[in-house]
Amino acid sequence: MIATHTFNPSVDITYMIDPIRIDTVNRVHKKIKNPGGKGINVTKVLHQLGATYCAYGYLGGPNGQWLAQTLQERGVTTAFTPIENETRQSLAINDEVTQTEILEAGPYIKEQEHQQYFQTLKAKLDEATVLTISGSSPQFEGRTQFEHMAHILTEYQHSYHIVDTNAEELKALLDADLSIQCIKPNREEFERLVDQTDLSVAEQLRLLQTHPYFKARDVFLTLGSEGAIVKWGQEVYRATVPHRDVINPVGSGDATVAGIAYGVEQQLEPQSLIQLALACGTSNALQQATGQIDVTQVNRIKSEIEVERYK
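With the first letter of the sequence shown counted as 1, position 216 gets the number 216 in the UniProt record's numbering; the numbers rise by one all the way through.
Take these hints with a grain of salt, some might be off.
[Stated by the list, open to error] Here are the simulated DSS-like pairs of lysine-lysine, each with C-alpha atoms no more than 25 Å apart in a straight line:
#, residue 1, residue 2
1, 215, 171
2, 110, 124
3, 122, 110
4, 311, 215
[To be verified] Distance ranges between label pairs, derived from CB positions:
#, residue 1, residue 2, range
5, 210, 181, 15 to 21 Å
6, 303, 144, 41 to 47 Å
7, 266, 242, 22 to 28 Å
8, 1, 233, 22 to 28 Å
9, 210, 124, 33 to 39 Å
10, 226, 119, 40 to 46 Å
11, 124, 199, 36 to 42 Å
12, 125, 98, 41 to 47 Å
Honestly, the hints are just simulated from the structure, not real lab data.
Yeah, the Cβ is synthetic: ideal placement off N, Cα and C, and Gly gets one too.
Turn these sequences into a full structure, and let the hints guide you.
So this is what it looks like as structure tokens:
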């Protein structure tokens, strides 16, 4: 089973408009409302892939009720913890040329709610072979965001851990040398992790093989339309993806994480896992809704992704 954790879910709203004009009225020609948050997007893609999974997270208020009900109607397996405060909203404004995102911070989690969360996850703790932690953390009563994340990682002692959070939180976790088997930074996040900018491919390769953060971990460095550089075990691979006209890139990284998690759970060979993960990310970018893939499309894109092992 894959256990997905979303500490800060959101109701994602996308406004599709004509080219945006600043300081005047803009008319929305289409509104898309979806259950969101990075881990929720991971979960939705796993559901579409037919994986065995369970989604954990904190949900509260009318937004939380809507999110839980919508996922239930879609048949998504969840074990959410109810909270007093309101689940956040995230707004994306897309004019088919640019996309601007406005993200709320999220609710305050009380200590009793935190304790209930851990009681809930323990029910299926022994079933989890893969753990994903995705996205930002809200504020917690009586503990830091780092302490909450570390507690989760410690509970899952026999799982493969994939963490996809912002560079600041991830850096703290890596500095503490917590049990993290895989990370999925994009180019900007990778450079923030290593405190360097404008890295060439050769420099990225060197850092993947020598930097303390990466030496003992699998690293899936995503490069957008340029594909990815992936360190898997002791091998490093370069993957290129076919060109597609992107519709909505939001959630593509999360879809990639879902592909990685499913590939690990299915014990795929590295090249096949890389192809699946990138095909999921690419397919998500071709949909208007976040955390959405077309499985037929994924299978077609997989065959077009080239994966070469660096010697």
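Tested hints:
no.: 1; hint: 215 <-> 171; in the structure: holds (15 Å)
no.: 2; hint: 110 <-> 124; in the structure: holds (23 Å)
no.: 3; hint: 122 <-> 110; in the structure: holds (19 Å)
no.: 4; hint: 311 <-> 215; in the structure: holds (17 Å)
no.: 5; hint: 210 <-> 181: 15 to 21 Å; in the structure: holds (19 Å)
no.: 6; hint: 303 <-> 144: 41 to 47 Å; in the structure: holds (45 Å)
no.: 7; hint: 266 <-> 242: 22 to 28 Å; in the structure: holds (23 Å)
no.: 8; hint: 1 <-> 233: 22 to 28 Å; in the structure: holds (23 Å)
no.: 9; hint: 210 <-> 124: 33 to 39 Å; in the structure: holds (38 Å)
no.: 10; hint: 226 <-> 119: 40 to 46 Å; in the structure: holds (44 Å)
no.: 11; hint: 124 <-> 199: 36 to 42 Å; in the structure: holds (40 Å)
no.: 12; hint: 125 <-> 98: 41 to 47 Å; in the structure: holds (43 Å)
In summary, this structure violates none of the numbered hints.
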